[in-house]
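Chains as they are written, first to last, in my numbering: chain A, 1 to 442; chain B, 1 to 442.
Please note: incorrect hints may appear among the correct ones.
[Stated by the list, open to error] Covered by chain B, according to a simulated footprint, are these stretches of chain A (three or more residues, beta-carbon under 8 Å):
#	region
1	15-26
2	137-151
3	324-333
Please keep in mind that the hints were generated in silico from the structure rather than gathered at the bench. None of these values were measured; they are calculated from a predicted model. Beta carbons: idealized from backbone N, C-alpha and C, even for Gly.
2 protein chains.
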Amino acid sequence: MRRLNVAIIGGGTVGCGVYQALRRNSGLLVARTGTHLQINHVVVRNRRKQRPVRFSERLVSTDWKAAIRDPKTDIVGELIGGTTTAKTIVETALKLGKPVVTANKALLSEHGESLFALAAENGAGLYYEASVAGGIPIIKVLREGLVGNRLNYIYGILNGTCNYILTRMEAEGGDFADVLADAQKKGYAEAKASLDVDGLDAMHKTGLLASLAHGFWVSPDQIHVDGIRQISQMDIEFAGKLGYKIKLLASICRLSTTGSRHSAKEHQIQVSVCPTLIPQSHILASVSGVFNAIYINGDVVGETLYYGHGAGHGATASAVLSDIADAALDHINHQTVRVRPFTRHTSEGQVIPWEDIISEYYMRLTVADKPGTMAKITKVLAESGIGISSIVQPEGHKGASVPLILMIHDAATSAMQKALNQISRLNVVKSPSKMIRVEHFH
Amino acid sequence: MRRLNVAIIGGGTVGCGVYQALRRNSGLLVARTGTHLQINHVVVRNRRKQRPVRFSERLVSTDWKAAIRDPKTDIVGELIGGTTTAKTIVETALKLGKPVVTANKALLSEHGESLFALAAENGAGLYYEASVAGGIPIIKVLREGLVGNRLNYIYGILNGTCNYILTRMEAEGGDFADVLADAQKKGYAEAKASLDVDGLDAMHKTGLLASLAHGFWVSPDQIHVDGIRQISQMDIEFAGKLGYKIKLLASICRLSTTGSRHSAKEHQIQVSVCPTLIPQSHILASVSGVFNAIYINGDVVGETLYYGHGAGHGATASAVLSDIADAALDHINHQTVRVRPFTRHTSEGQVIPWEDIISEYYMRLTVADKPGTMAKITKVLAESGIGISSIVQPEGHKGASVPLILMIHDAATSAMQKALNQISRLNVVKSPSKMIRVEHFH
Numbered sequence: 001m002r003r004l005n006v007a008i009i010g011g012g013t014v015g016c017g018v019y020q021a022l023r024r025n026s027g028l029l030v031a032r033t034g035t036h037l038q039i040n041h042v043v044v045r046n047r048r049k050q051r052p053v054r055f056s057e058r059l060v061s062t063d064w065k066a067a068i069r070d071p072k073t074d075i076v077g078e079l080i081g082g083t084t085t086a087k088t089i090v091e092t093a094l095k096l097g098k099p100v101v102t103a104n105k106a107l108l109s110e111h112g113e114s115l116f117a118l119a120a121e122n123g124a125g126l127y128y129e130a131s132v133a134g135g136i137p138i139i140k141v142l143r144e145g146l147v148g149n150r151l152n153y154i155y156g157i158l159n160g161t162c163n164y165i166l167t168r169m170e171a172e173g174g175d176f177a178d179v180l181a182d183a184q185k186k187g188y189a190e191a192k193a194s195l196d197v198d199g200l201d202a203m204h205k206t207g208l209l210a211s212l213a214h215g216f217w218v219s220p221d222q223i224h225v226d227g228i229r230q231i232s233q234m235d236i237e238f239a240g241k242l243g244y245k246i247k248l249l250a251s252i253c254r255l256s257t258t259g260s261r262h263s264a265k266e267h268q269i270q271v272s273v274c275p276t277l278i279p280q281s282h283i284l285a286s287v288s289g290v291f292n293a294i295y296i297n298g299d300v301v302g303e304t305l306y307y308g309h310g311a312g313h314g315a316t317a318s319a320v321l322s323d324i325a326d327a328a329l330d331h332i333n334h335q336t337v338r339v340r341p342f343t344r345h346t347s348e349g350q351v352i353p354w355e356d357i358i359s360e361y362y363m364r365l366t367v368a369d370k371p372g373t374m375a376k377i378t379k380v381l382a383e384s385g386i387g388i389s390s391i392v393q394p395e396g397h398k399g400a401s402v403p404l405i406l407m408i409h410d411a412a413t414s415a416m417q418k419a420l421n422q423i424s425r426l427n428v429v430k431s432p433s434k435m436i437r438v439e440h441f442h
Numbered sequence: 001m002r003r004l005n006v007a008i009i010g011g012g013t014v015g016c017g018v019y020q021a022l023r024r025n026s027g028l029l030v031a032r033t034g035t036h037l038q039i040n041h042v043v044v045r046n047r048r049k050q051r052p053v054r055f056s057e058r059l060v061s062t063d064w065k066a067a068i069r070d071p072k073t074d075i076v077g078e079l080i081g082g083t084t085t086a087k088t089i090v091e092t093a094l095k096l097g098k099p100v101v102t103a104n105k106a107l108l109s110e111h112g113e114s115l116f117a118l119a120a121e122n123g124a125g126l127y128y129e130a131s132v133a134g135g136i137p138i139i140k141v142l143r144e145g146l147v148g149n150r151l152n153y154i155y156g157i158l159n160g161t162c163n164y165i166l167t168r169m170e171a172e173g174g175d176f177a178d179v180l181a182d183a184q185k186k187g188y189a190e191a192k193a194s195l196d197v198d199g200l201d202a203m204h205k206t207g208l209l210a211s212l213a214h215g216f217w218v219s220p221d222q223i224h225v226d227g228i229r230q231i232s233q234m235d236i237e238f239a240g241k242l243g244y245k246i247k248l249l250a251s252i253c254r255l256s257t258t259g260s261r262h263s264a265k266e267h268q269i270q271v272s273v274c275p276t277l278i279p280q281s282h283i284l285a286s287v288s289g290v291f292n293a294i295y296i297n298g299d300v301v302g303e304t305l306y307y308g309h310g311a312g313h314g315a316t317a318s319a320v321l322s323d324i325a326d327a328a329l330d331h332i333n334h335q336t337v338r339v340r341p342f343t344r345h346t347s348e349g350q351v352i353p354w355e356d357i358i359s360e361y362y363m364r365l366t367v368a369d370k371p372g373t374m375a376k377i378t379k380v381l382a383e384s385g386i387g388i389s390s391i392v393q394p395e396g397h398k399g400a401s402v403p404l405i406l407m408i409h410d411a412a413t414s415a416m417q418k419a420l421n422q423i424s425r426l427n428v429v430k431s432p433s434k435m436i437r438v439e440h441f442h
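So that you can see chain A by itself, here it is in the shape it has in the complex:
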């Protein structure tokens, strides 16, 4: 029986989850992998912190350098998060040729290219299943399970906090700020909510998925991001009446050269994270609460969906254990790295600018309830070459100004933004005016 030592760096939620799961299921892992995986270090910042798990005293230290350098350490788990110390930890381990398992999407999204290069130089593996949708083995699915597929599109609900907030707004009729405050009180949202609700966390994950799927590095600054702060209860209600739900949706779509709404070159993709109306009948619409899901269309396999918890100690620990098992198998098989952390397939990959995206839209205006209003609005749209697929003036709203919903055919985003600005300046239109993408997945 081969024994391998794992140094866990980080005593937070994820570190505790991994420690607990690895201990509890060690017998199972021996049976399944033929390797005894044991923890030889747990590195924490504060020894005295109260934790849900009691670490074995002899394993705990505060010196990550010593833990990594320990000749007995075979595999390093970087589980502290952040992009400063975490980066140094990963680099230190890789330079010693030791495989690293990490759950750190921010680090990889920002520094992945250089870290992957460093891993390759040193012949060490860098494993990051836990960095995207922890409970869903999506990295393995993309790189191995769907290896024979060109990935036409990937749509994802990648942030559990946003999905939880949107689900509650829909179920209870609350407004964003109230639901967020309550979610923070209950521990479903961080005190600093920006990373989640402004879409940055989903952006990091989206960048990783896009890079893996399309074989060129997609950095955060190439991704259009819009969070959920601007989604009002009114939008959720109107979307519901029209047969839609609003989700914070990540989209990674290949623009095909034939039969497309776009005139595109090979290797052009569209990448974004933004609130989106999706049909209630679509399976992604049934993904509620803190759950994540990823919907993929491959040119060979057709449509597939993967669903699970995106975060939390259990989901993340499950992914980390899977990576540790992979690292162990690679290690005992002649220290090969079986599947490289990132493989470039193309030197021609391009993310097309957000303004050039063609999409359907939901437009919500607040307008004066008087004759001539509709004529003025539709004139602007007509002059912009934007087609309206339906107009809804919801019942039950009275007074000088009433809501008006326009559902818009395929239109370029730049044209939509311009038209919305023009419309907002009309004297019959009161603020706020709003546009939200609509996705029918075809």
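Here the structure of chain A is known, so what remains is to put chain B in place on it, guided by the hints.
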């Protein structure tokens, strides 16, 4: 660049799908795996058969032995199906130490144990991702992605034909026989429908998943199987009114020793394939038409779901390509078999008899519409110790006999069957009486 030759045995739907996909995406596979995978043989039974794909003439032969023995052949794809010639093909290749990729669930379910042993003896890999839910990389997910999890339960919709028929019965109100006949005409069901509608195909897949998940071999004869022939339009309607859908559901549940409805030993599992009422709000209820889905609860990861096409040339080809890529990586990495086809974890595994299963049930009776009927029925149930959770006498039924639905609390299957027989003999009860499992997934 390493080149590996793949011999494809079988020129049917799957063989054509693999040929086409491997040719179309060969560049992508080179980039992703670092290996050039090329087809060196396509073995067919009939050269002159009309096929959707035109095989390169120089590759085609009718002699599978020669193709396997060809020293240039590195990997063998067994894609003919059946359990006779297919078995000889797999054995021949393994004895030569050549890795085999197969989509053949019947073969593996019936002869897996001996074939896996033969593979191990000869140091050759045996890959079978395509054998269960083709479009869903479930074998990889179970063995690698969730390697750190004890699998509490696995529920699956594993037969696309049955799901298609049930979905249409629900949507259109048709009866089983009519919908089946139409499905056969349209090519969604085989002329010989028994393998599908009697649950045997799902049984083969369930046996493989149960064996992998629980580490002991579960053979087909240990699995309780009931198909969908007996599901009537009336059951689908009543289930709908009560908030359920009827699905052909595979269940693989670990009986825990604590907090269970069952008094169970460690390593006891319940394995079945049968029509089941599931709540409309559960995500498995939104799996419609020919799609497959597998819902898994792992002790670390919590709940996860995987969804995709279960059959068809594309879905199966995607899985075969993934296995070919795995076989190729194993081959070039010193001819290791990285993940063994089957690993025994326990010598104490037991499938508990169907009669001992405790479950909720839906019971449908046709009864005389007269006083005293209910008293007689409930007396039998009370004497059997079976608790009723609700009674529904649907409206709109008139005449001497009317339908009556009883929803039953947890009851042992044997007690239920006995009670149903007694009830059916009451003079106030007309045939047919029926019981169907109900699953709430908790």
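Structure-based check of each hint:
1. 15-26: holds (count 5)
2. 137-151: As far as the region 137-151 of chain A goes, the hint holds, because 11 residues have Cβ atoms under 8 Å from chain B.
3. 324-333: holds (count 5)
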